[in-house]
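Sequences and hints are given; from them, build the entire structure.
Line by line, the protein sequences give chains A and B.
Per this note's numbering: the first sequence = residues 1 to 441.
Per this note's numbering: the second sequence = residues 1 to 441.
Every clue listed holds true.
No copy is singled out in the list; a pair is fine if it fits within one copy or between any two copies.
Derived DSSO-like pairs: lysine-lysine, alpha-carbon spacing no greater than 30 Å straight-line: (1) Lys288 - Lys423; (2) Lys331 - Lys290; (3) Lys143 - Lys49; (4) Lys290 - Lys195; (5) Lys195 - Lys358; (6) Lys375 - Lys358; (7) Lys49 - Lys375; (8) Lys288 - Lys331; (9) Lys358 - Lys331; (10) Lys195 - Lys331.
Please keep in mind that the hints were generated in silico from the structure rather than gathered at the bench.
Treat the numbers as computed from the prediction; the structure is a model and nothing was measured.
2 protein chains.
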Amino acid sequence: MNDNTTTRRNLLRMASLAGLAGAASASPQAPPRPGSASVYGLKFQPREKVRMGIVGVGGRGTSLLDNFAAVESVEIRALCDIVREKCVRGQARLARAGQTAPAEIYAGSDHSFEALAQRDDLDLVIIATPWISHVPIAVFAMKQGKHVGVEVPAARTVEECWELVGTSEQTGRHCMQLENCCYGYNEMLVWNMVKAGLFGELIHGGAAYLHDLRSILFSNEGEGLWRREEHFRRNGNLYPTHGLGPVAHYMDINRGDRFQTIVSMSSLSTSLASYRDTHTAPDDPRRKEKYLCGDQNTSLIRTARGRLIRLEHNVSSPQPYDRINLIAGTKGIFKDYPPLVYLDGQGGEEFVSLDPYKQRFEAPLWTRMGEIARKLGGHGGMDFLMCYRLVECMRQGTAPDIDVYDAAAWSAAGALSEISVAKGSAPLEFPDFTRGRWQRV
Amino acid sequence: MNDNTTTRRNLLRMASLAGLAGAASASPQAPPRPGSASVYGLKFQPREKVRMGIVGVGGRGTSLLDNFAAVESVEIRALCDIVREKCVRGQARLARAGQTAPAEIYAGSDHSFEALAQRDDLDLVIIATPWISHVPIAVFAMKQGKHVGVEVPAARTVEECWELVGTSEQTGRHCMQLENCCYGYNEMLVWNMVKAGLFGELIHGGAAYLHDLRSILFSNEGEGLWRREEHFRRNGNLYPTHGLGPVAHYMDINRGDRFQTIVSMSSLSTSLASYRDTHTAPDDPRRKEKYLCGDQNTSLIRTARGRLIRLEHNVSSPQPYDRINLIAGTKGIFKDYPPLVYLDGQGGEEFVSLDPYKQRFEAPLWTRMGEIARKLGGHGGMDFLMCYRLVECMRQGTAPDIDVYDAAAWSAAGALSEISVAKGSAPLEFPDFTRGRWQRV
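Printed below as a string of structure tokens:
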């Protein structure tokens, strides 16, 4: 272990303990903070360019750096990471991308991000750090008057969700959760089909993060340095938003409907230990680790309008990648992996390809920007489109596609799943982070 | 409506009210009946031939008649149905199948089955009536010393489950639930793969009955005469066993593991009303019907060994047929519709066809009897194999593949789902119908 790793580990350990204490005492009915003004539908001030800093320039942060750098009118003025070399590497990438002035570097300490957030020439702070530091950094940056874009999951506890909402409302700054999957080609296309009524009245959806991360979790670099530790003391859905975000869009969550009740159940935990025992030496210190998190976690969410969502999480077992991405109603059903659709009256009893629907229902954003998005890569282009849209909203002065209430509600599904599991799969109520505004649409 | 329909409707209405009262008061911890001897693992007395009567000769009963008639050493000596013509039709089919002596007919009344069950020359009574009469007929027949094979779901309430168990134990007669899906080609093949350890330690499974029954439910004949009514006052999983039976086999439920906890959630109910409103005349009396049952019901079951099962039910929405039939462990995953498998280390990140596994893992029963089974049809041959196996067990004097404890546990998933839904998705404990014997294997 080098010094950087040790420092990060200590930070994580402290933060993890603090987070756990929060989870244990978190009430899903935590009262809203007094004296705050809603940011529901609040528009950005329009601007010519978007000046940003990026906190966390590891794997994910570097990918975001590349994508933001490709968006017109973006200036990446500052980079922050505990590890200075990562910032230096980011500077070089920005230079190659054509940025003339080098980004300033903030590095070396767990608190380096503070100086970045205190700059007076930034509009936006992007946060791509380990999960446990998302909220402290986002809150600090908003209090410095910056809008923030925070990686998923934005928050790990219900208290943290409220903290994001409260801070966004107190500061009038947006906290956009960087949920790239909401910008996936199929997701945006299917959302248009939903809006056109092809599936009729919506009844249920399916969402998941099923991704065999075993080799990444046991890697000696990158996410392997911290992500496995999330499995030590947490048991639930650690990563709910990739699947849930798109389904929340289909169902107009926070804009006509809302998550109301959740129950969650976890399986036994055995896959990580099984993998570890066949992939590490007998004297590897990781042999002493205990993994609390059940390999498979499945939650059920009921919305205020009675829709049912199945939400799954499994990053420990051998399986092909799957976000489920299912939406069904009185007139039809779509499910992904592979993308297939069945509409009432189409004839036969088989799913058919989604392809015939592409011409009519492709998202205008994909029609307009799909070519460059695909060229840049980043999960097939969705990453670029997410970055592009955030900048577009800020430049044009619209509300963001995904606001702090979405960040809180989608992240809360994970936090509440842990509490439900700890209570023997007891049903829990979701907080209404919008405080009733979801009904006004 | 003809007289037969009216009679049946009245019976159903009375029985439905009785059933509901049962569900409301049913405790999942209902005490076992005293003085009973377990039938766990109890072997049939071996016999040369199997003499049987069939109660209910509608669509399903006629299919069972055809399949049992094709099994060597079976004598179908008696047929019962409220509607005499159905028995007469059954007689003719038996004659065409080569049965020399005609089956005696018991018809005309809700109590006609009693005289059939009281005959002293029957070994087995097959019950293929509307769900609501399964338990009363099965209990009566066992008390007359007959083994019974009862269609799915065997029971609709937890009290009914206990009644089946108690009666089977008091009489020493077996109550086999006729779960044909346990004899499906893929199900039996995958079970062999599970037993060979290909999926490693099991973690989770998936089971469902997703079947667009709208036209059948609104038919003016067959199941349309009674099955829609199940949706009037019940809200949960009305039909759990087709998906759950095979997964229970994979997981050795009642033979090393058991269902322990369940939570269940239902969506809104809108699909049946929506279908009805576009497929019936404005003055159709069914326009006044209210459907309580949520279109989509999803339950989560945790086993004593920590495995997690997802169990879905939807017969009201447009969708392709799907029983999910998923099993996953530390080394791989199988899911059905279409049948695909992924084993750790196979290379790539895609599911592959189940076909390459057929040579090594095909069930001997299918190798031996598959050709005749496929020729007879009946859900691809599984129906014949189920009938064949029950007769084989009775002739050879082994225990049945599926006993009263399986009938109770699998059916209880449906009954408990209703209670959980009524309690806002509260977690409920499964009764241990085996009274601890599941651990002895």
